[in-house]
Amino acid sequence: MSIFIQLLLNGLIAGAIYALVAAGFSLIYSTNKFIHFAHGVVVTFAAYFLYLMFAVLGINFCLSVIFTIICAGLLGWIINEFVYKTMRKRKASSVILLIASVALLILLESLILLFFGPSVKTINFLEGGIGVNIFGAMITSLQIVIIFIAIILFFGLWLFMKKTILGKAMRAVSNNKDVAEIVGISSKQIYAWSFIVGSSIAGIAGVLISMEQNLDPVMGTNLIIKGFTGSIIGGIGSVPGAIIGAFLLGLVEVLGIWFLPSGYKDAIAFIVLFMFLIFRPQGIFGKKDFSGKII
Amino acid sequence: MIKIEKLQSGYNKTKIIKGLDMVAVAGEITAIIGPNGAGKSTLLKSVFNLCDIYSGKIFYKEENIKKLPTHDLINFGISYVPQGRQVFTNMTVKENLEMGAFVFKDKELINKNIEDIYRKFPILKQKQNQDAATLSGGQQQLLAIARSLIQNPQLLLLDEPSLGLSPKAMKEVFKKIQEINKEGVSVIIVEQNAKKAVEIADRTYILENGKIALSGGKEILKNPKIKNIYFGGI
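Those sequence lines, one after another, are chains A and B.
Be aware that the first sequence starts at 442, since it is given in the numbering used here, and climbs by one per residue.
Be aware that the second sequence starts at 29, since it is given in the numbering used here, and climbs by one per residue.
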């Protein structure tokens with residue numbers, strides 16, 4: 442029983458991390474309607490930026506975290522403003538934008554590698570410690586913090602999308618860009634805002650991940666694949682769906698390695714991805730229109 | 029109110045409107061009818077800066093509004109309802125109305141306008157917390173019209189409001205358009221249902237090949253040229 446609870450907790454922690462990545466990714470996808478794989482490198486950037494500020498320059502941790510989240514949001518804005526916006530002006534299709542996002546992911550990861558070197562880095566701010574015993578299963582205080590912050594963040598994001606005028610405008614653009622323009626919502630501004638908000642969430646993800654794991658320049662690739670898979674499971678374009686999908690992915694991965702060697706963890710994620718793409722491409726919460734197109 | 033002079037417009041390099049002149053008088057309903065592909069919707073989109081304008085002028089209250097951004101047009105008092113019951117299906121009726129008032133910053137004014145809309149469209153008040161996707165076709169069209177009325181327009185541009193509606197829903201939509209006009213809002217309506225549009229209009233323009241082929245009052249449908257325009261002389 443305690444093993445099962447331990448796996449459940451591990452799944453919850455993995456899911457919370459994937460969900461943090463998936464939430465920002467899905468927010469950007471829902472308004473921009475293209476797959477922004479470079480979102481993964483924004484998470485890596487945030488983790489390394491925190492490392493630079495706190496571990497290298499010795500700046501106060503809280504200040505470092507605030508700077509990191511702001512800079513992650515800024516990086517998202519810069520990526521949109523100087524890459525995607527320019528390409529959209531030249532009528533680039535969503536496939537071209539996707540290819541550009543993969544190129545950006547690789548380019549920025551290479552820059553991080555060049556600047557920080559290939560060796561893994563560690564931020565020793567909050568040690569895991571002995572942990573808390575829950576029905577025989579162990580969870581560290583840091584992991585509790587991660588789950589707690591993730592839940593608060595998701596609730597905040599839900600409130601933002603439901604209650605604020607900017608959040609509602611994002612949902613409007615996501616649903617029908619042409620009508621949104623007709624009522625005076627500038628889709629270009631909403632694209633920019635969704636990059637700022639989505640990348641700031643990636644910044645928070647980077648901060649939490651950097652406290653839990655070692656940093657490595659290509660960590661973003663793995664994270665965005667998991668975030669993307671979570672979005673597909675939950676229903677691409679649905680932010681709450683992506684969060685729930687990512688939690689499910691974390692649980693399935695961890696429960697899967699109860700039966701299989703841990704090396705198969707990524708394979709389990711891809712099997713789940715393929716199953717959804719084949720049998721329920723719209724995901725759990727996604728919808729299809731009358732013609733069968735995923736909306 | 030609206031005076032269009034020698035307008036040429038279209039999409040990319042395809043010219044749809046080819047040197048069109050027309051006038052819509054304040055307080056009137058102006059209908060634009062014509063066969064498929066005549067350029068009716070493009071004409072409305074030209075006024076609302078939603079297509080490429082190559083040349084010509086569009087005057088609204090003596091000011092050239094050609095190529096003005098959407099929020100300026102809304103602030104000028106022009107609202108546009110696109111064809112095809114275009115509502116935000118993932119949002120509630122109330123949220124749809126709030127989005128209609130996006131360009132306004134005064135919350136009190138927005139709430140007042142929403143209450144006004146609920147008085148005019150009681151069905152929308154009844155369904156204010158329901159997702160727009162769950163409304164019937166006619167209700168969605170009414171919501172699209174109501175969303176534009178939130179902007180307090182003086183000129184309402186309606187693109188095929190009866191498209192895809194049942195006869196009963198169509199009747200209700202046309203009745204609402206007349207009520208809106210009686211409250212002082214000028215209307216330019218593009219319609220496939222020529223008979224219905226002419227019935228409610230004070231003035232009608234018939235478009236053919238991007239130009240005005242005929243104009244007149246309610247007697248226009250009796251003009252022998254109509255057959256030629258619609259059926260190519262069959």
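In case anyone wonders, no lab produced these hints; they're calculated from the structure.
Keep in mind that a hint or two might mislead.
What the hints assert, rightly or not - Under the rule of at most 25 Å between Cα atoms (straight-line distance), these lysine to any residue pairs were calculated in the SDA-like manner:
(1) B:Lys155 <-> B:Lys95
(2) B:Lys133 <-> A:Gly577
(3) B:Lys122 <-> A:Phe596
(4) B:Lys133 <-> A:Asp619
(5) B:Lys95 <-> A:Ser628
Exercise for the section: Below or equal to 25 Å on CA atoms is what counts here, so check B:Lys122 against A:Phe596. Expected result: 22 Å, holds
Checklist entry - Are B:Lys133 and A:Asp619 close enough, with their CA atoms no more than 25 Å apart? => result It holds: about 22 Å lies between the C-alpha atoms, which stays within 25 Å.
**Asked** Does the alpha-carbon distance linking B:Lys133 and A:Gly577 stay inside the 25 Å limit?
**Response** 55 Å, violated
When you check the alpha-carbon spacing of B:Lys155 and B:Lys95, does it fall within 25 Å?
37 Å, violated
Practice task
For the pair supplied as a hint, B:Lys95 and A:Ser628, confirm whether the alpha-carbon distance does not exceed 25 Å.
Solution key: With Cα atoms ~17 Å apart, B:Lys95 and A:Ser628 stay inside 25 Å; holds.
Violated hints, listed in ascending order, are 1, 2; each of the other numbered hints is respected by the structure.
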